[in-house]
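> Going down the list, the sequences are from chains A and B.
Take 1 as the starting number for the first sequence in my numbering and just add one per residue.
Take 1 as the starting number for the second sequence in my numbering and just add one per residue.
The set of hints was computed from the structure by calculation and includes no laboratory data.
Errors might be hidden in some of the hints.
No copy is singled out in the list; a pair is fine if it fits within one copy or between any two copies.
Derived lysine to aspartate or glutamate pairs resembling EDC-like cross-links, with alpha carbons at most 20 Å apart [as the list claims (entries may be wrong)]:
#	residue 1	residue 2
1	K100	D26
2	K100	E188
3	K38	D214
4	K38	E95
5	K38	D15
6	K100	D118
7	K38	D209
8	K38	E197
Because the structure is a prediction, the values reported are computed rather than measured.
Protein chains: 2
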Amino acid sequence: MADDAQHRFDTAERDAVYRAIALRRDTRHFQRGQVVPKAQLQRLLQALHQAPSVGLMQPWRVIRVADAALRERIAALVEAERQATALALGERSAEFLRLKVEGLRDCAELLVLVLPPDDGTVFGRRTLPREMALCSAGAAVQNLWLAARAENLGLGWVSMFEPAALAALLRLPADAQPLGLLCLGPVERFYEAPMLEQQGWRQGRRLSDLLMQDVWSEEEVQDGN
Amino acid sequence: MADDAQHRFDTAERDAVYRAIALRRDTRHFQRGQVVPKAQLQRLLQALHQAPSVGLMQPWRVIRVADAALRERIAALVEAERQATALALGERSAEFLRLKVEGLRDCAELLVLVLPPDDGTVFGRRTLPREMALCSAGAAVQNLWLAARAENLGLGWVSMFEPAALAALLRLPADAQPLGLLCLGPVERFYEAPMLEQQGWRQGRRLSDLLMQDVWSEEEVQDGN
Chain A
1 MADDAQHRFD
11 TAERDAVYRA
21 IALRRDTRHF
31 QRGQVVPKAQ
41 LQRLLQALHQ
51 APSVGLMQPW
61 RVIRVADAAL
71 RERIAALVEA
81 ERQATALALG
91 ERSAEFLRLK
101 VEGLRDCAEL
111 LVLVLPPDDG
121 TVFGRRTLPR
131 EMALCSAGAA
141 VQNLWLAARA
151 ENLGLGWVSM
161 FEPAALAALL
171 RLPADAQPLG
181 LLCLGPVERF
191 YEAPMLEQQG
201 WRQGRRLSDL
211 LMQDVWSEEE
221 VQDGN
Chain B
1 MADDAQHRFD
11 TAERDAVYRA
21 IALRRDTRHF
31 QRGQVVPKAQ
41 LQRLLQALHQ
51 APSVGLMQPW
61 RVIRVADAAL
71 RERIAALVEA
81 ERQATALALG
91 ERSAEFLRLK
101 VEGLRDCAEL
111 LVLVLPPDDG
121 TVFGRRTLPR
131 EMALCSAGAA
141 VQNLWLAARA
151 ENLGLGWVSM
161 FEPAALAALL
171 RLPADAQPLG
181 LLCLGPVERF
191 YEAPMLEQQG
201 WRQGRRLSDL
211 LMQDVWSEEE
221 VQDGN
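Input sequences plus hints: build the corresponding full structure.
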């Protein structure tokens, strides 16, 4: 490689990146009453904002929830959706209700990820405009997630909410869409494995089952939950 | 924090993660005639697969393009879409056509990211099922992107293609969707800034413009391209 030395990653740096990827967890258990210092929060949000985006559209807005009453109203929305999800799950309803699925009231910081009104970017998204905006927003959160892990903080992406109700609470314009409630903060400990696996809700599939060569190959159908 | 020492990240590790986030680039310039060793490719794909996903649905499939003729046909699809994009861009058409927008023929490895048929996962996606699948797929690519950077490899996400035509080439089932052509491999050098900024196509916005508190605040409208 002709790359400059200043741009190279050595083995220790590489391993740190892989370690963050391996140990990052979707977190629902937080230490109560903690804060994320302002400088640390700024670093984390800058990491989110350094994400790639199709056509450089940066399809992410972040609303920091500072008002305690607002946080409480959002938490109530999530609880309503948790109950609706339990109903929709049918026979696994009781099992689902025993899981801890969010840490909105406990986490130090609550951030809302919002997909802004479409800015009309054509570059790279003439054929899949909404898909590319959403993929870019997801990539940005992954930056935040890994940065949080490297800061020894947990992050949980909560997507149990009625979007229209949350949008109304946050006074979003009609063409913006809330995508996630991001719970951030110090944790008691990090899960050894994804919490849904630890709790026996569902096991992840092996990478080898999801890799194909040149053409699609049939896979066994799995029932999602 | 009560976290175990074995789970803690020290400052050097944290800085390595931030460095990967800061130096990662969407790459279109690759060294020709290179290969990615099998063990390295396996590490990279494992990083992708360690991504979070809503309800542990893992909505990603990766098709490795090994056949040179297939790669050529895919590159032709991208060229057709590049021309269609130029037409759609109107007055910036000529400027657009001077940009290098993909490195499909040069990169060491070409991977296709596919959104598989929906598995019916309800957990965390009763209200936004497609959005959550797409955000999860985007997060997975971001893992791959950062791991590639830490391996001193470039990655480019090319989304200029007609999805139905690409799906036909790869013989995808009717309800699967190609999301990206991921060009991976050694590069001559990494861009100092996003290539679209370097080339004067578009400037990214500041983080501070995209942060809000408690409620949406109006922003100046920017025209995308």
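> Indicate, hint by hint, whether the structure satisfies it.
Results of checking the hints against the structure:
no.	hint	verdict
1	K100 x D26	within (12 Å within a copy, 37 Å between copies)
2	K100 x E188	within (15 Å within a copy, 48 Å between copies)
3	K38 x D214	between (48 Å within a copy, 17 Å between copies)
4	K38 x E95	neither (39 Å within a copy, 42 Å between copies)
5	K38 x D15	between (28 Å within a copy, 18 Å between copies)
6	K100 x D118	neither (34 Å within a copy, 25 Å between copies)
7	K38 x D209	between (43 Å within a copy, 17 Å between copies)
8	K38 x E197	neither (34 Å within a copy, 29 Å between copies)
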